[in-house]
Every structure is written in C-alpha cells, then in structure tokens.
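**Student:** Go ahead and model the full structure; you've got the sequences and the hints to work with.
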Amino acid sequence: MKTLIIDACTSDLSRTRRLTGCLKDRLGSDTEVIKLAEEKLYHLDEKLIKKRDAAAAENDFSDDMFRFARQFSKAENIVVSAPYWDLSFPAVLKEYIEAINVCGLTFRYSENGMPVSLCRAKRLIYITTAGGYIVSDEFGFGYIKSIAKLFYGIEKFDYVKAEGLDIEGADIEMILENAKKDIDKIEI
591 MKTLIIDACT SDLSRTRRLT GCLKDRLGSD TEVIKLAEEK LYHLDEKLIK
641 KRDAAAAEND FSDDMFRFAR QFSKAENIVV SAPYWDLSFP AVLKEYIEAI
691 NVCGLTFRYS ENGMPVSLCR AKRLIYITTA GGYIVSDEFG FGYIKSIAKL
741 FYGIEKFDYV KAEGLDIEGA DIEMILENAK KDIDKIEI
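For the sequence shown, my numbering assigns the number 591 to the initial residue and increments by one for each residue that follows.
Read the hints as simulated data drawn from the structure, not as lab findings. Note that the structure is a prediction, hence the values are computed from the model and not measured. Hints should not be assumed to be uniformly reliable.
[Unchecked claim] Quick list of simulated restraints, FRET-style, between CB atoms:
| hint | residue 1 | residue 2 | range |
| --- | --- | --- | --- |
| 1 | S700 | L677 | 28 to 34 Å |
| 2 | D650 | I757 | 47 to 53 Å |
| 3 | S619 | S700 | 32 to 38 Å |
| 4 | D615 | D635 | 17 to 23 Å |
[Said to hold, decoys possible] Keeping only pairs whose Cα atoms sit at most 30 Å apart, straight-line, the calculated BS3-like set for lysine-lysine is:
| hint | residue 1 | residue 2 |
| --- | --- | --- |
| 5 | K592 | K770 |
| 6 | K770 | K712 |
| 7 | K630 | K614 |
| 8 | K637 | K592 |
| 9 | K664 | K739 |
| 10 | K630 | K712 |
| 11 | K746 | K625 |
| 12 | K637 | K664 |
| 13 | K637 | K614 |
| 14 | K770 | K664 |
| 15 | K739 | K684 |
| 16 | K630 | K592 |
| 17 | K684 | K640 |
| 18 | K712 | K771 |
| 19 | K641 | K630 |
| 20 | K625 | K770 |
| 21 | K746 | K637 |
| 22 | K770 | K641 |
| 23 | K614 | K771 |
| 24 | K684 | K592 |
| 25 | K771 | K684 |
| 26 | K775 | K664 |
| 27 | K770 | K739 |
| 28 | K664 | K640 |
A virtual CB, placed ideally from N, CA and C, is assigned to each residue, including glycine.
**Tutor:** Encoded structure:
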C-alpha cells in the first residue's frame, strides 16, 4: 500500500471528507481508506494495556488489536482527514493514535530513550475544515505533526485547511475551492 488515508470524519456530508476526496482522486489505486467512525477501536484500559504489553514483550503482534499499527507501519504516505472540533480533532483520531503507537511495531526506543521509527512513511498530509477560524494550528495539526515526526520519523508535511465555513455570509464554495487549489499544489 502506497498511501493510507485516515478518515476521522463522522458524516458522509463532511466538508473535510469532500476535500480529501479531491486528493484521493489524484493518489491512484494503491490507496487504502480507514473510516474511523466505522471501525472498532479499542479503548485502552488497564486490562488491554497489560495484554498489549505482554504481546509486545513476546514480539507477537498478530492480535487484532494491532491491525491498525501493522497497517500504518507499512504505508509509504499518510493522509489524515480530520475536522477541527473544539480546538482539536475528533476523539476517535486520538483513540486511533493510541492504537498505532505500539513499541516494537511502529517505533522502538533507542539506548538514550528516544523513539526510533519502525514505519515506512516519510510524508503526512493533513486536511481539515473549520466552521470558525482555527485558533492555533498546534492543537490539531501540530499534535499530529509532533507525534508523526518524533515516533514515526515522518519529515515531510503538507497542511490544507478551509476555515470560516460556518460564519454568517461565508462563501462556502469559494473557501472550499481555495482549499482544493491548495490540494492541487501538493506534489504527488
């Protein structure tokens, strides 16, 4: 799989998903999409953490709880499609990150305690939309960029946002069209 699209949108009418579709059309057939709202993500509680840690200690990542981490580690490019909600992104994306952040599968720790990537991806594209204005890029995109760089060794990032979509009098189609132009500028 060349590209993995992580779709954190909850609605088929999602404007974020619509923009991501414009990129998907350019990516080709070697693309896999995960619609997180339709997936069973495991909530990390004490019992599951113990089970995960025991499996990792045995280097056995065959359990279904590791399927997202296995998939993520094999992708060459990552696309994150997440609306901007409550100064961040939907909670389901955080649950997904917890599912893929598996020591021994997507990263390992070096002798000095720093994460070292075990993933193939070197590029991440983040697409978001917001009803108002994005107060700070650090709460949504910034978090994803930080964890992707530190744990998964991703060095190249593209960030596309369409904001102000729900402001009274906003020209929604023009805002989305401008974001689509930004998507068209991304080198594939």
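**Student:** Hint by hint, note whether the structure agrees.
**Tutor:** Verification of the supplied hints:
no.	hint	verdict
1	S700 <-> L677: 28 to 34 Å	33 Å, holds
2	D650 <-> I757: 47 to 53 Å	51 Å, holds
3	S619 <-> S700: 32 to 38 Å	37 Å, holds
4	D615 <-> D635: 17 to 23 Å	40 Å, violated
5	K592 <-> K770	22 Å, holds
6	K770 <-> K712	23 Å, holds
7	K630 <-> K614	23 Å, holds
8	K637 <-> K592	34 Å, violated
9	K664 <-> K739	16 Å, holds
10	K630 <-> K712	27 Å, holds
11	K746 <-> K625	23 Å, holds
12	K637 <-> K664	27 Å, holds
13	K637 <-> K614	38 Å, violated
14	K770 <-> K664	28 Å, holds
15	K739 <-> K684	16 Å, holds
16	K630 <-> K592	23 Å, holds
17	K684 <-> K640	20 Å, holds
18	K712 <-> K771	23 Å, holds
19	K641 <-> K630	17 Å, holds
20	K625 <-> K770	21 Å, holds
21	K746 <-> K637	36 Å, violated
22	K770 <-> K641	43 Å, violated
23	K614 <-> K771	14 Å, holds
24	K684 <-> K592	23 Å, holds
25	K771 <-> K684	29 Å, holds
26	K775 <-> K664	26 Å, holds
27	K770 <-> K739	25 Å, holds
28	K664 <-> K640	25 Å, holds
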